Amino acid sequence: MSGINGSMAHLSDGLFTTAIAVYAGAMVGFTAEYAFGRVGRKLAVAPAPARELVGAGGPSVVEDALPADPPDLPADPAVARASRAERIGWWSVVLCVAGALIHTSSIAVRALAVDAVPWSNMYEFASVAGLVGVLAFLAVLWRLPALRYLGGFVLLPVILMMFLAGTVLYSKAQPLVPALQSYWLAIHVTLVSIAEGALMTSAVLTVLYLVKARHDRKPFGSERLANLAVKLPAAESLDKAAYRVVAFSFPLYTVAIICGAIWAEAAWGRYWGWDPKETWAFIVWVVYACYLHARATAGWKGRAAAWINLTGFGAITFNFLIVNIVVSGLHSYAGLS
Amino acid sequence: MRYLRIAWRRLTAMRTALVLLFLLAVAAVPGSLLPQRPLNPAKTASYIAEHGAWGRFLDRIGMFDVFGAPWFAAIYLLLFVSLVGCLIPRIRVHARALARKPLPAPRNLERLPESGRFETSATPGEYAATARETLGRRWRIVQRAEPSGAVTLSAEKGYSRETGNLIFHVALLAALVLIAVGRLYTYQGQRIVLQGADNGFCNTISQYDTWSPGRFAAEGKVRPAPFCIDELTKFTASYSAEGEPRTFRADVVYRTSVSAKPRTASITVNHPLRLEGDRVYLITHGFAPRLTIRMPDGSVRHDVEPFIPTDPTTFLSEGAFSQPGKDGARQDIGISGLFAPTPVDEGNGKIGSASPQVQDPALSIFVYEGDLSGSGEPHSVYSIDTSKMTRIGTADLHIGQTKRLRDGVSVTFDGWVPWASLQISHDPAQSYLLIAAVAMVVGLLGSLGIRRRRLWVRIAPAGAAEPESPTVVTVGGLARSDSGHFPTEFAGLLERLRGRATPVEPVVSADTIGAGKD
Ligand code: HEM
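Read top to bottom, the protein sequences are chains A and B. Position one of the first sequence corresponds to residue 1 (our numbering), numbered consecutively onward. Position one of the second sequence corresponds to residue 1 (our numbering), numbered consecutively onward.
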């Protein structure tokens, strides 16, 4: 019993590459809309106050109060251009959905090929985390279509990560070694990739917040940066949105660590052993706990907390890239050797 | 005394907790980047040797056992004390808040961050009942009457946010205690068990190959009635066509106590055998070659020894046999060897292995004669000290082959049996720790998912001077924590309250009414 279906594994790889290409198309579209779209123009004239919308259940997000279209559009070339930009934006969303579908089928086909949950090595993990990032963004769009123009900021890290996954981190479809044959693994890794995918979104929002807050304090000298900052939602809203995402991810990450410990107890005879991977999971968890505390501590709100958030994401990245590749431990599932 | 109080206040401040938490994260970093003695003593030793004075300095400050170092414990303990110090008053405050009624409505509700007003034809008493019903049971509501005749409602919800937060922190405290208790009373023992009868062991310290107890898990406290693994009846390893391992399984016969009835169980990699308080894990496995050795004095010995895999992917394994001859005769026989489950010729006469699966296995041996006692230096049981012996021959044997050597010595490779390395682990606190961890998650969900809100409704009656005028309802709201999307939430509430208000009929004159009747 080989357990691997070669042609299906091959199909999965093809779908993965296609998904990257489609995402890249969507990103170009989003960026075009961002650059030429109406949002920037209107806001640049009169910065509208940002408003928040309900995101029942999930993290609530921010919407810029976009002035409604005037009933009779004047035949102004700028407006025509803006609506063309908007059309590009909507097509980008369509592309993004198509990419997510292709991406999902790539993962599903790989699951069929290895006959197991397909996230037992870094390539598979990065692929799932990237999909979660895109889905999270699409879920946000469902409720807040006005945020569409930020799509490029979300897709850029996703595409980079998937590119890295498909090149440096790539490993062929393989059946699971005995230690990985556990449903706790499936739960553990699913939760980690969802939480980390979401925390990536939080980091993106935090970077945007820092840019916007810096511009609010002292406008950028560079016109390009200033233009970028002006088009962003209000600093306070970005900050809150970043917080809501952490508030959603932190319990998830906590559960993920607990499931990992349950699995380790069954597989290795101890629930915790300060293996490098475990140590970094602990560090990430503590840093995000710091972030939550900082937001409740006078003098640490705002920018200081934002930097802690980014430190947390830095720790996630370190855990994923450096610890898997450079530091060896029991969690040598990376499949890179 | 005063300084003590100041120090205490400092220690239990949120800012200190924040700094301590951050320190904890930073302190853990070297523990992941430098080799750690408890995890890998050999790698640690070679790292220190390689780095000379710098290595010794790092060793002195505990960098090779970060999670056992005093400074790590200090951060952990300070955080613990800080947590206790901040929780006690918070629990007291919260208990009081739970018992207290929501505050009376402020004078001017329209000054609150969120507010709105509308009119109704209902009387204040009627509308108050409607509003209470509209808000529903999720709000804690107190109704008050004001001297002006107005009725006010003070409504609050989201107390469970703080409850959840306190549950989280208390559960965290409990988890820290349970981890510490577990570490003090834990023990782990390992033992290699050959497949077949007469190789079992019982859970007493002397029967383990390695034994690492926590500080209080001394001999005699191991377990009142030790359990026994009587026999490894069968060890099975299965592989994919590519030679990737698929399953490992150890079938054992065990007794839960010395006097209990024997039972059978299968231990696999993710499924330890769980006996009350102890768990038996299948850690690794290997091969034990069987030899028939004819000694210089003509006697025939049968021996089987576990070999240790030196290559985890091909399971090329290493081990030794020692057979003492007559005392002082310098006729002991020592054999060191390599076992290759699927032998390949590595060139230069060396044997290698292509796969962990057994296919016509080979045993490559060096045979020595002389005095096994050697130099007296300690050495592993899987090797022999040949310093007082002479090599009398080498051979590569397949099953059934015999090598004849001088002095009538001969060695026959009879076959092999598998062995499994079983680990016994004990941690009396871990199931309680799981409960604490679940409580932490429940608390977190409350703490991060629930939002605290306050709402006031003032229902003012029509002024006595103008009985025609309607009842005026003003609503004000305040978000206590994580304002989130409160403005929209408030707008929705206001809409619902307005929707339940009976509309005020337009004030019209008697004529028009008559005219309208047709
Ligand atoms: C040692 C002293 C500690 C103190 C004094 C402390 C204090 C507090 C306080 C006052 C809050 C309420 C903040 C709010 O309502 O937003 C809070 C929230 C929280 N604490 Fe702690 N804490 C401590 C330790 C810890 C530790 C060690 C952790 C976990 C690693 C932790 C995790 C949290 C979390 C997740 C929240 C929720 C934050 C939120 O509501 O936004 N705390 N803590």
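Honestly, the hints are just simulated from the structure, not real lab data. None of the values given here were measured: they were computed from a predicted structure. Warning: the hint list may mix true and false statements.
[To be verified] Chain B side only, calculated, beta carbon under 7 Å to chain A, not exhaustive:
| id | residue |
| --- | --- |
| 1 | L18 |
| 2 | L23 |
| 3 | A28 |
| 4 | F67 |
| 5 | I75 |
| 6 | L77 |
| 7 | Y281 |
| 8 | S425 |
| 9 | P428 |
| 10 | L448 |
[What the hints assert, rightly or not] Here are the in silico distance ranges between beta carbons for each label pair:
| id | chain 1 | residue 1 | chain 2 | residue 2 | range |
| --- | --- | --- | --- | --- | --- |
| 11 | A | I322 | B | P38 | 16 to 26 Å |
| 12 | A | L156 | B | Y239 | 42 to 52 Å |
| 13 | A | I322 | B | Y239 | 43 to 53 Å |
| 14 | B | E276 | A | L156 | 49 to 59 Å |
| 15 | B | V81 | A | G299 | 46 to 56 Å |
| 16 | A | R87 | B | Y239 | 17 to 27 Å |
| 17 | A | S222 | B | A49 | 47 to 57 Å |
| 18 | B | I399 | A | L160 | 54 to 64 Å |
[What the hints assert, rightly or not] Partial pick of chain B residues on the chain A-facing surface, computed with a CB cut under 8 Å:
| id | residue |
| --- | --- |
| 19 | V181 |
| 20 | L184 |
| 21 | Y185 |
No residue lacks a Cβ here, since even glycine has one placed at the ideal position from N, Cα and C.
Cross-check of the supplied hints:
1. L18: 5 Å, holds
2. L23: Status violated, d = 10 Å.
3. A28: Check passed: Cβ of A28 (chain B) comes within 5 Å of chain A, closer than 7 Å.
4. F67: Given a least distance of 5 Å, the restraint on F67 (chain B) holds.
5. I75: 11 Å, violated
6. L77: 16 Å, violated
7. Y281: Holds: closest Cβ of chain A sits about 4 Å from Y281 (chain B), inside 7 Å.
8. S425: This interface hint holds because 5 Å falls under the 7 Å limit.
9. P428: Hint violated; P428 (chain B) Cβ to chain A Cβ min 13 Å, cut 7 Å.
10. L448: 4 Å, holds
11. A:I322 x B:P38: 16 to 26 Å: Holds: the Cβ-Cβ distance is about 22 Å, inside 16 to 26 Å.
12. A:L156 x B:Y239: 42 to 52 Å: 43 Å, holds
13. A:I322 x B:Y239: 43 to 53 Å: Because 32 Å falls outside the window, the suggested range is violated.
14. B:E276 x A:L156: 49 to 59 Å: 55 Å, holds
15. B:V81 x A:G299: 46 to 56 Å: Given range 46 to 56 Å: violated, Cβ gap about 23 Å.
16. A:R87 x B:Y239: 17 to 27 Å: For R87 (chain A) and Y239 (chain B) the Cβ distance comes to about 57 Å; the hint is violated.
17. A:S222 x B:A49: 47 to 57 Å: 53 Å, holds
18. B:I399 x A:L160: 54 to 64 Å: 56 Å, holds
19. V181: 14 Å, violated
20. L184: With Cβ-Cβ at 15 Å, over 8 Å, it is violated.
21. Y185: With a minimum Cβ separation of about 14 Å from chain A (threshold 8 Å), the hint on Y185 (chain B) is violated.
The structure is inconsistent with the numbered hints 2, 5, 6, 9, 13, 15, 16, 19, 20, 21, although it conforms to all the rest.
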